[in-house]
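Given only the sequences and the hints, what does the whole structure look like? Please build it.
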Amino acid sequence: MATNDMGLEQLSDRQLMLELQDGNQAALELLLSRYKSKLFNTIYRLIQDRETAQDILQETFLRVYRERKSYNPVYCFSTWVYTIALNLTKNEMKRRTRWRFFGLAPSENHSHPVGNGGGHLGYLLEQAINKLPDRYKIVLVLRDISQLSYEEIAQSLRLPLGTVKSRVNRARLMLQQTLKPKLENYERLWKS
Amino acid sequence: MRGCGRVKKLISCYLEKDLDPGLQQEIAEHIKFCSECYETEKTLKRISAIARDLPEEEPSFDLAEKVMEKVGFANESIPRTTRVFPAIRRWVWAMPATAALVVLLFLIDTRLNRDSVQLMDQQEQSISQQNTLQDQTVIPEGPVEFVIDNWNPGTRSQVASSNQSLSDSQMLGSAGWPADSLPASFRMYVMPVAQNQMTGTTTRRPY
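Line by line, the protein sequences give chains P and U. Count the first sequence with my numbering and you get residues 1 to 192, in order. Count the second sequence with my numbering and you get residues 1001 to 1207, in order.
To be clear, the hints were calculated from the coordinates, so they are not data collected in a lab. Treat the hints with caution; some may be incorrect.
Said to hold, decoys possible - For lysine to any residue, the following SDA-like pairs were computed, each having C-alpha atoms within a straight-line distance of at most 20 Å: (1) U:K1017 with U:S1048; (2) U:K1045 with P:Y136; (3) P:K90 with P:L132; (4) U:K1017 with P:S166; (5) P:K180 with U:A1049; (6) U:K1045 with P:Q177; (7) U:K1008 with U:E1036.
This one's a predicted model, so the numbers in the text were calculated from it and none came from an experiment.
This is how it looks when you write it as structure tokens:
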């Protein structure tokens, strides 16, 4: 199923995976260009470290390539690739939790809070998200930042739909409790 | 206000308009009259807006290049899943097995050493016990020796009378005194002479 590069761009993700299974590496490059920003953004919001997020993203696409034969075209490619990326991210988060337990937390390369487009409120939100337990943080980032549907989240994390919905709700309420006084202070200062 | 707990459980679905129209309306009515739930809804909407405004982080521009380079490398080299891993997997048992063998040998060696040390200890102990027994064993040697000391006259006469039943050599042989030249008063100890077979020293021990 050899298709030239111009033709590849018209193909869906599933068709590109079939191309990749047939040995067309250009299909991987195209999939990478379609998903790299979305995936990097998600991984970065969960890990808060650019270098590590970059490494995880690279490893994700290497696995897509290595495991290309095991991809079943019945399933959505985005769910499959998110599952790979999230598994790697969760492993990294667990590793970091372990290191933190022993007082050896790896350095986190936060982007500068002011002037990164998100401003001070964005910085406050990132801080509050980082303080959430991992299980809530993951679903919240996937839903509110990566804008995935509940079904996509449930499939990527292999969790029941109801569990995902209740975790998202719980995470939002936890964030609301943390951020409410900070937001009120900020608005008071802004008005004065 | 009643029903706040239920509203909090459903507020995410309410904000995303993911509820039945009846339930959606019911929660909207509740929020209108409940200041706490109203505040919660307001803050959640604000947080959602901030989250949407967060800038999209971009990976480095050479990411695709790096990945494709690694893919090319993976393609040229032996595929990990098919050859390298089975090769490693074939020998992966060797390390723990060797470690287990070393530990086993060490334990056996330690056990043997301990047994031999115990055996040696037992032997030493038995030898020392024999020595102690030999030390404690007093073997009378030759005639009984009498050491005569000054004592009271009553005893002297008593001894003198008892001497009559014994021969001179038995009574005073080693003291070298004749029976009729006993001192005026004396104390008499009957002490067998013993010789240690090991050291050869002669000792006197009172009965």
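Okay, the hints, checked on the actual structure:
With a C-alpha separation of about 14 Å, the suggested pair K1017 of chain U and S1048 of chain U falls inside the 20 Å cut-off, and the hint holds. At roughly 18 Å between alpha-carbon atoms, K1045 of chain U and Y136 of chain P fall within 20 Å of each other, so this suggested pair holds. At most 20 Å may separate the alpha-carbon atoms for a hinted pair to count; K90 of chain P and L132 of chain P meet this at roughly 14 Å. Taken as a hint, the K1017 of chain U and S166 of chain P pair is honoured in the structure, with Cα atoms around 15 Å apart against an allowance of 20 Å.
Only pairs whose Cα atoms come within 20 Å are accepted, and K180 of chain P paired with A1049 of chain U is accepted, the gap being roughly 14 Å. Distance check on the hinted pair: K1045 of chain U and Q177 of chain P sit about 13 Å apart at the alpha-carbon level, within 20 Å; holds. Between the alpha carbons of K1008 of chain U and E1036 of chain U the distance comes to roughly 10 Å, so the proposed pair stays at or under 20 Å and holds.
The structure fails none of the hints (numbered hints given earlier).
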